[in-house]
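Protein chains in written order, with the working numbering: chain A, 1 to 149; chain B, 1 to 149; chain C, 1 to 83; chain D, 1 to 83.
Keep in mind that the hints are not guaranteed to be accurate.
Here chain D is said to cover these stretches of chain A; the calculated rule only asks that three of the stretch's residues, wherever they fall, bring their Cβ under 8 angstroms from a Cβ of chain D [to be verified]:
1. 49-57
2. 78-87
3. 123-131
4. 134-143
Here are a few chain A residues that sit away from chain B, every Cβ distance over 12 angstroms (derived from the structure) [to be verified]:
5. Arg10
6. Glu68
7. Gly74
Just so you know, these hints were derived from the structure itself, not from any lab.
All C-beta atoms in this analysis are idealised placements derived from N, C-alpha and C, irrespective of residue type, glycine included.
The primary structure of each chain is shown beneath.
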Amino acid sequence: MAASPFRVTRDPIDAAALLRETVAPSDGAALLFWGVVRNEHGGRAVSHLEYEAYASMAEAKLREIAGEARERWGTGEIAVVHRVGRLEVGEASVAIVVASPHRAEAYEASRYVIEQLKRRVPVWKREGYVDGGAEWVPGFTPAVEEGVR
Amino acid sequence: MAASPFRVTRDPIDAAALLRETVAPSDGAALLFWGVVRNEHGGRAVSHLEYEAYASMAEAKLREIAGEARERWGTGEIAVVHRVGRLEVGEASVAIVVASPHRAEAYEASRYVIEQLKRRVPVWKREGYVDGGAEWVPGFTPAVEEGVR
Amino acid sequence: MPMTVRSLFFATYRDLAGADELLVELPATATVEDLVRELRAARSGLAALPPAPAVAVNLEYAPLSTRLSDGDEVAFIPPVAGG
Amino acid sequence: MPMTVRSLFFATYRDLAGADELLVELPATATVEDLVRELRAARSGLAALPPAPAVAVNLEYAPLSTRLSDGDEVAFIPPVAGG
């Protein structure tokens, strides 16, 4: 019945629904990381962002990262939704919910997921500026291990 | 127009509304701590909790704690809502939103607010058990400094 | 001239007091400590109140040595368990 | 027997390729490195592709030495900037 907890979508993210679908009766806390479009970057006034993803791989990587976090910190369910398309200032680009029996682990796991997301999940963004023009935002080069395959 | 960002309420907490009212255009992230009623505590099956607060003082203390966190980590707005009355398993008892230009500070400040809330904010809870009976949950004795007043 | 303070009781302390709130008359120079002593003697349930409970005067935690004023709101704060 | 792989291009690499996707025919023993060499030679825009770009084969990051198979999906991944 439920959608996958790891998804790339063009639709606005529904924080309340995501909390509802992630928190189980054995959880005492959930932490929601809510990444939003800022009105400024590197001193330039930003009007909007355009996100693009390699959706099938991004979803697989989000699942992989969440699995690592759950294993390491013993949290409950984790859900991650990343938006693509044009987002205005103040709109959420990413939401990460970590549900957990105890709160300390939720903080650690949430932090891990957002840091890893920024390093390995194939998503890109192009900033549109108030004074016109647009530029791809420089990112992280994913580490590729020799001999993995 | 807006309600105070520090409030004690009998109503269910609206996570999306709280995010909306807290995040400003200069923020790049918000972190929501969502405390929920667990179905178990110390090995006993819990059916519900009854929260009680000294509301006027609780709101003042929440404001004070949030002020300390903002000063220390330079975050954006912080909002804290604590529910009182009877809450069923899975319902949120507390929501803390920390908005911030950058995410690292949001994590630190959020953690500070929940830890201090548990130490100094005058709220109490009585656990109702599945097998009947109810007990006040042991808490923290607030530190009172001599010579403060 | 005597003064009157409002004492508030929450959670387990309310169970001891058998009331949310009591108005207490005290001498003009009384401290929180005097109020605690008065309450522990005046009501049998409150004999079980700790001799040095956490107390807030007008919404702020205050030591036992705090001098009270007429009309003060003095809350007795059992160990807190929010969140 | 030659094989065909699907090459996908995103963000700045799509700008270089001038396309989302290209089908490339390669010898049966080809590696990712061979594909990169082929693409950099075949299309003028792709000459600007780094000689060792990050690549995913069938949704998993893969080193340049990875042997390809017929029908593989090979994505060219510019530095990522999600969140």
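Hints broken by the structure, by number, lowest first? Violated hint (a single one): 2; every other hint is consistent with the structure.
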